[in-house]
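Enquirer: Each chain, written out:
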Amino acid sequence: MNTIAYQQLAANYTAELATIDAELATIFNESVQAIAVDLNEVEFTGWLKAGMQIARNLPDTPQVSINYFRNSKQILHLSDQITVIRCADIALELAHRSPELATSFLQATPFFLLDCKSIDLKTWSDMGSRMCSDSWKSVALAKTFFTLSHHLLERTSTAAFKNLAGVITELSRQSVELATICLQQAAAIFHSLHEDNHLSFLDLAKAMVKNNWVNAWLYFERAPELLRRFQPSESGAFLSLIAAMVNKGCPEPFTLFEEISHALSQIEGIEHGELRHMAQRLVSISPTAAAEFLKSAPFVRERVPRKAMRQWLELGLEKADADIGLKIEAGDKLEAFFRLQSVTADRALALLSGRVEFEQAGNLLRLYGQALAGEKVRVQPISHLVNRGLGWSSETRATTEGTVIYVPPYIDLFGDLNSNLQIFKVCIAHQSGRITFGSFDFQYGEDGTYIKSSVTQRRPVTATKAIVPMQRFFDLFQGRHLIAGLFSLVEDHRIDCCVHSEYPGLRKWLSRVKTHEISQRPRLLELGLRQAFVENLLRASLHHFESIRWPVSLKPMLVSALGALKIVTRPEATIQDTAEIATHLYDLALDIPNIPASSIGDEWIGIEATNLPDEFTRPDVKTMLKATDLTGIAEIDYENPVPPDFYGDLKPELVQTLNALRDNPALEKPTLEQIQAMLENSVEVENVDADTIVEQIEMDTPGIITDATTDEFDAEAEVIPPTDAAEIINWSTYDEWDFRANDYLTAWCQVGERVVVEGKLEYYEETLKRHSGLVRDVRRQFEMMRPESQRLLKNLEDGHEIDLDKAIQFFIDKKAGVGPQARFYSRRDKIERSVAVAFLLDMSGSTDETINDPGTSPQHVSQPGTVSVDADNPGKKIIDLEKESTVLIIEALEAIGDTYGIYGFSGYGRQDVSFHVIKEFDQILDDTVKKRIDSIKPLRSTRMGAAIRHTNSKLLDCPAKVKILMLISDGRPQDHGYGDNRGDHEYAIRDTKQALIESKQEGIVPFLITVDKEGHDYLKEICGDIGYEVVADIESLPHRLPTIYKYLATKA
Amino acid sequence: MDQNFTLIQIEDFRITEQPFYLPLADEVALFESAYNQHLPVLLKGPTGCGKTRFVEYMSWRLHRHVGNRDEDGVPLVTIACHEDLTASDLVGRYLLEGANTRWIDGPLTRAVKVGAICYLDEIVEARKDTTVLIHPLADHRRILPIEKRGELLHAADGFLLVMSFNPGYQSVLKDLKHSTRQRFIAIEFGYPNREQESEIIRKESNCTEEIAKHLAKLGEKVRHLKSHGLAEGVSTRLLVYAGKLIADGIHPLRACLTAVVWALTDDAEVQQAIHEVVLSIFEE
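So the protein sequences, as listed, match chains A and B.
Okay, so the first sequence: first residue is 697 according to this note's numbering, each after it adds one.
Okay, so the second sequence: first residue is 12 according to this note's numbering, each after it adds one.
Take these hints with a grain of salt, some might be off.
Restricting the straight-line Cα-Cα distance to at most 27 Å, the calculated cross-link-like pairs of lysine-lysine (BS3-like) are [to be verified]: (1) Lys1502/A x Lys159/B; (2) Lys228/B x Lys1204/A; (3) Lys858/A x Lys745/A; (4) Lys224/B x Lys1072/A; (5) Lys1204/A x Lys224/B; (6) Lys139/B x Lys1262/A.
If we take Cβ atoms under 8 Å as the criterion, some of the chain A residues that face chain B in the derived model are [as the list claims (entries may be wrong)]: (7) Tyr1064; (8) Gln1066; (9) Gly1134.
Residues from chain A that keep clear of chain B, each with C-beta distances beyond 12 Å, as calculated [as the list claims (entries may be wrong)]: (10) Ile778; (11) Asn943; (12) Ser1079; (13) Asp1333; (14) Arg1475.
The set of hints was computed from the structure by calculation and includes no laboratory data.
Think of the CB as a built atom: it goes at the ideal place given N, C-alpha and C, for glycine as much as any other residue.
Next comes chain A alone, as it looks inside the complex (with noise of 0.2 Å):
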């Protein structure tokens, strides 16, 4: 059949195509002709009829023959006439969905075929089809779904291909909009990530997707940014490991893959693999581990070595294996140590490490500062001054400003702890010898022990009149930079050298420290000149000798600056010969130019420590530096040597203003210009302009300065607020019991102390009034446990009186020789009641809940016995009911005469656990604890175990013998982060039963009392053997709760 022959059997269907569109009686048109030559007269008529059929079912939508006809040539050519015939069949079924999409479907399958791998054409047509729900934005996204096909093809395999329309499909379920904009994203996705690591992604996706769908678009936007963090080899196993964590229940998986992320992002990425196959091995006891495990990973890295982290996860694994026995859960017991919220988790990062950090060793490095440096010494991390803005810049060097040693925030210089905690002994031994031997006592003009002063024969380089001798001596120099260091390395070896008399048991450290110093120490031949020469005395100042170099031709200059450094080990030297030797070596420094070391052409050689001078000689320099030939050198900047980490940093001029200001009232006060005009000098100050310093002065002391002279300085000390008029608040921390993990999470909460404010004393008397008789009966009750003050004990061998009837007996009995025992002595003892009691009110916001609203507490109703609720006062809360027991417990411990104190709790979170002084146990009933009472008020949450361990430490230094703690509360402990959400009670319930047992393990009585009439669920997991009460009828509280006291007093 010929082409005229296809074009006339054509030509009967072209005025029906006609009819329905003239375009599609065109295109059919053109497409006959162009198809003809390529099928024979069965294969024209089956292609014309499948074309036909879809023309006459979808008479409304051209569009889709049209897409037929059109695209049917480039189909045959790249596939056969049976494809294009499955085409039309496609076409029409997917039409019956959707018209649009069957379109589609035919315009991108030529794309398709281009590169369809081994996909069937029916399986991708499916595949777009299951995307497709009824709504039009299902069918974009099918439509988009065959579009893209073709380039996601290109840059992925089968697979993949296959997995990700499972994907998207599965999240287009969920969200329409995420699936679209997720498929947009896959090619660019695709195209960044190596065709290795596609199905790991989209093993997460899925993951995702299943999880937690909403921040699967997340992860379509920001995975080839996040995945560039991974080391390329590593990326798809991290996906597949991520995937494994998610799919086993990790929550938040896209935050999850973030962390990670960003944790890998700070560990070489040649660590990745090992770090990965860890945490493989956690997957399958806890997947959260694992994640904890790696995102802790760069912490844990920065203490220990690589090699040692297989010990950290062995150790955490031992731990776990160690608690199985005991029924904790190995993956709870994991996730906390690998998140280092466990106790255990820190000894053993602390044991790997080697690291000692304040944190932990603060309490033994501040007694044991006390110790060397006196006990008004405290020490104290570095940050503190820094942050205070006094000029001291540097977070990492120990210092002291004369009253605090400041010490860096740990020491991790060797691999052990205990080499580690002796180099901090080491740092505060020498801070210490700076107050102890007299850093800071600078006199001007006063003698040394070996050098006498020789202030006077030199003149002040600046006209301003000098605070303090240190400003006065340093004003003597031109070279203002370079006396400073000379100062501190001449005073830091005295220093030293102290130390080193003083403490025999240091010297080990001492030398190893200077060892490893010296090790770090610049090249000499890389400095210039003179701060080589300083460097040398640098060197000398750390008994390393042989570290020394210098050349020949200068050799006596430096000779004579060591022999003048030596001074100052002697045993009396003192800081006015440190000034002394300092001003030697600024003469002789001074003299050298800084031209670069290296453009000397001596020999560099080095100096023995013996055969140096005792005392000062000054070597004729310039004939010296005639004979080296340095004609055309130019001289370079000089800067001091940097001082050896465990000298620190020493700043005498700051510390002597600062000590001078505060602790010398008879000192003339400087003007604000002078300070001003003193720290713009001086060199010691880093980083903080002057004006902020005096800012900080004024704020540590008000009225320290002498009123400034300017308005503008007036205008600023206005703004800053006077501090007593702020809240004081006393914070102790207190540890935490995870009972997931077994163990106590470290430092955990901040319990703020503060005082309540005072009420009206009307509420005391009034309430007293309003019980009157209920506090006479309590006031007789506990009269009567008032003790005797003396006890007679009868029948002993030994006793102040004779017992006549007693002694009577006894001569009876030995004449007639029946041998009795002579006890017929009496003896009075003394006895004394030494009771201690806390009582412990929940200040919780539930407390604010109305007590006699019949909708909500049936079980409130008054009963014969108890306390009526006040006819005019409807509206009391329980809050007023505790504030009442209490009114009425202290007038009864106040007719016994033991040790009580009165305490609220409330707050919200770890960080502010508030905790409310009504009474102290050393405070007299006066006033000001009567007015207090009526201040208590609801307040927020429950955290009842930090209140109780913080009541504990109270209870403790009370020299009672019998100590008791009272804890009265409406309901069940409760805090924001007190559990994983609000409604996990088991954290909270058996972090407040650990603090209860803690207490009884310090050898006091607790007791809970509760209102809450549901309180028995759980009071009685929380006390275990320990004694409560639920007071269902909640009125009778008053009532009840002295008697309770007086149980458990006479008890105990």
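Given chain A's structure and the hints, the job is docking chain B onto it.
Expert: Okay, now just chain B, sitting in the frame of chain A:
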């Protein structure tokens, strides 16, 4: 059977050998003056600072040097006070002897009779009703009423009442009544300074001068921790013990651990802090 101990009556006890005592200030002159004028003396100071040694030294010194008034010297009667110390324990009591009773003088009565120095150690430990008993003895009257016998005993010329207490760790409940304390002149004792303490340690323990210096230094440093973890600073007595152990061949670190660190406190953290100080002063 050979008797390898000596038994003497309490009132016959005299210090015949010179005890080592290093005067820290003018306490010797003050005591001598008080003795001459019959003024009772209260010695205040922390535990182990040398109060008891001072009394022994004065007893010897008064016996040997100013004892011209009394050829027999000044006996020293020491009574360690405690909660159960009764008036009978001090003054005396009747004992049964056969079918009869026999009166026996208590240590205070004996001291009054012979004109001894009566040293009531840690007086605040005794009950207040017991301490009231000494009031007539401690003022111008110098008499001891013996209630059970209906007698009044005038103190012999050489009699002096001396008491000691440590104001540091006593609670308010155990403070002295003003009517008691205002009958005594008070001499305050503190810890000796480093040089003095070093000499005391060396003489008492026979250790080397260097060890004595180190121990005195340790004492000074550890005392800085008082009220920062320690209720009381380390006593000279403990430092002497450490010196004795060292002189006998025990390693200084071990000696300090047993005589200072463990003896001072049970708080593990404070123990470690003190131990670190020891490690800083003595070489391993």
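Enquirer: Decide, hint by hint, whether the structure agrees.
Expert: Structure-based check of all given hints:
1. Proximity of Lys1502/A to Lys159/B is assessed by CA-CA distance (about 20 Å); at most 27 Å being required, the pair is judged to hold.
2. Restraint check for Lys228/B and Lys1204/A: the C-alpha separation of about 19 Å stays at or below 27 Å, so the hint holds.
3. Proximity of Lys858/A to Lys745/A is assessed by CA-CA distance (about 33 Å); at most 27 Å being required, the pair is judged violated.
4. Between the alpha carbons of Lys224/B and Lys1072/A the distance comes to roughly 24 Å, so the proposed pair stays at or under 27 Å and holds.
5. At roughly 20 Å between alpha-carbon atoms, Lys1204/A and Lys224/B fall within 27 Å of each other, so this suggested pair holds.
6. With a C-alpha separation of about 64 Å, the suggested pairing of Lys139/B with Lys1262/A is violated against the 27 Å cut-off.
7. At about 5 Å, the closest approach between the beta carbon of Tyr1064/A and any beta carbon in chain B falls short of 8 Å, and the interface hint on this residue holds.
8. With 8 Å as the threshold, the beta carbon of Gln1066/A comes within range of chain B, its nearest partner Cβ sitting at about 5 Å, so the hint holds.
9. Hint status for Gly1134/A relative to chain B: violated, with the closest Cβ pair at about 16 Å, above 8 Å.
10. Non-interface status of Ile778/A relative to chain B is upheld: no Cβ of that chain comes within 12 Å, the nearest being about 88 Å off.
11. The non-interface label for Asn943/A is consistent with chain B: the shortest C-beta to C-beta separation is roughly 47 Å, beyond 12 Å.
12. At the 12 Å boundary, the C-beta of Ser1079/A stays outside the reach of chain B, the nearest C-beta of that chain being 23 Å off.
13. Asp1333/A, annotated as away from the interface, keeps every beta carbon of chain B farther than 12 Å; the closest lies near 41 Å.
14. With a least CB separation of 25 Å from chain B, Arg1475/A remains clear of the 12 Å interface cut-off, as annotated.
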